[in-house]
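S.K.: Here is what each chain is made of, one letter per residue.
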Amino acid sequence: GAVVSQHPSWVICKSGTSVKIECRSLDFQATTMFWYRQFPKQSLMLMATSNEGSKATYEQGVEKDKFLINHASLTLSTLTVTSAHPEDSSFYICSARKGLAGALETQYFGPGTRLLVL
Amino acid sequence: KNQVEQSPQSLIILEGKNCTLQCNYTVSPFSNLRWYKQDTGRGPVSLTIMTFSENTKSNGRYTATLDADTKQSSLHITASQLSDSASYICVVLRMDSSYKLIFGSGTRLLVRP
Chain A
3 GAVVSQHPSW VICKSGTSVK IECRSLDFQA TTMFWYRQFP KQSLMLMATS NEGSKATYEQ
63 GVEKDKFLIN HASLTLSTLT VTSAHPEDSS FYICSARKGL AGALETQYFG PGTRLLVL
Chain B
-6 KNQVEQSPQS LIILEGKNCT LQCNYTVSPF SNLRWYKQDT GRGPVSLTIM TFSENTKSNG
54 RYTATLDADT KQSSLHITAS QLSDSASYIC VVLRMDSSYK LIFGSGTRLL VRP
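Quick mapping for you: the protein sequence lines, in order, are chains A and B. Heads up, the first sequence is in our numbering, so the first residue is 3 and it goes up one at a time. Heads up, the second sequence is in our numbering, so the first residue is -6 and it goes up one at a time.
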């Protein structure tokens, strides 16, 4: 099956620093990747949708200048949390869509990255 | 309003027992409904995907049903195992220009020996 990886799996950083999280589709080309955030005991919340080679589309309430997304290739998307604060501590999950959008499209999720900002 | 609601919020069962998780949705226009299993600290893994024309789909000990008329779905787990302990998330794909997944809040299942 399709595999999506994330790196790092967990990261601890000081408040005010920036953190970059990588998401890779290992065995397929993903024209669209998604970034989600999940707080404890809550479901996934979509942060942004990124298409290869174009600017990401952010959900309402998500600061695009704080959460920088780059989708430079069909197999790699990065999320950079700039000037991280403790409230940014969360579980960040990426997802890659295989194929074109439609009824039979499938999204594959990465294993997630746990971010703790001290 | 496009929502996916799941019940119960949490469930504890003994190993070997069966259980059924419920999902109601109001997402429109509807494309398909998925059930995911999410282990603690991991990303979701797909169990089943059903379009509106499918009533039931199985994946091993997992059987999902869909009633597109009442907009209800269920996930039945047979002969539960300790490894089934996880969150089970019902997700509906909204078929508009964005093709967004609408997530339920999940049911946290604990299987005890």
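Check before you lean on any hint, since a few could be wrong.
[Stated by the list, open to error] Examples of chain B residues lying across from chain A (beta carbon under 7 Å, computed):
id: 1; residue: N17
id: 2; residue: P22
id: 3; residue: G36
id: 4; residue: K50
id: 5; residue: G53
id: 6; residue: F96
Rather than coming from a laboratory, the hints here were simulated on the basis of the structure. Ideal placement from N, C-alpha and C gives every residue a C-beta, glycine not left out.
S.K.: Indicate, hint by hint, whether the structure satisfies it.
M.R.: Okay, the hints, checked on the actual structure:
| no. | hint | in the structure |
| --- | --- | --- |
| 1 | N17 | 15 Å, violated |
| 2 | P22 | 11 Å, violated |
| 3 | G36 | 4 Å, holds |
| 4 | K50 | 14 Å, violated |
| 5 | G53 | 15 Å, violated |
| 6 | F96 | 4 Å, holds |
Violation of the numbered hints given earlier is confined to hints 1, 2, 4, 5; the remaining hints are satisfied by the structure.
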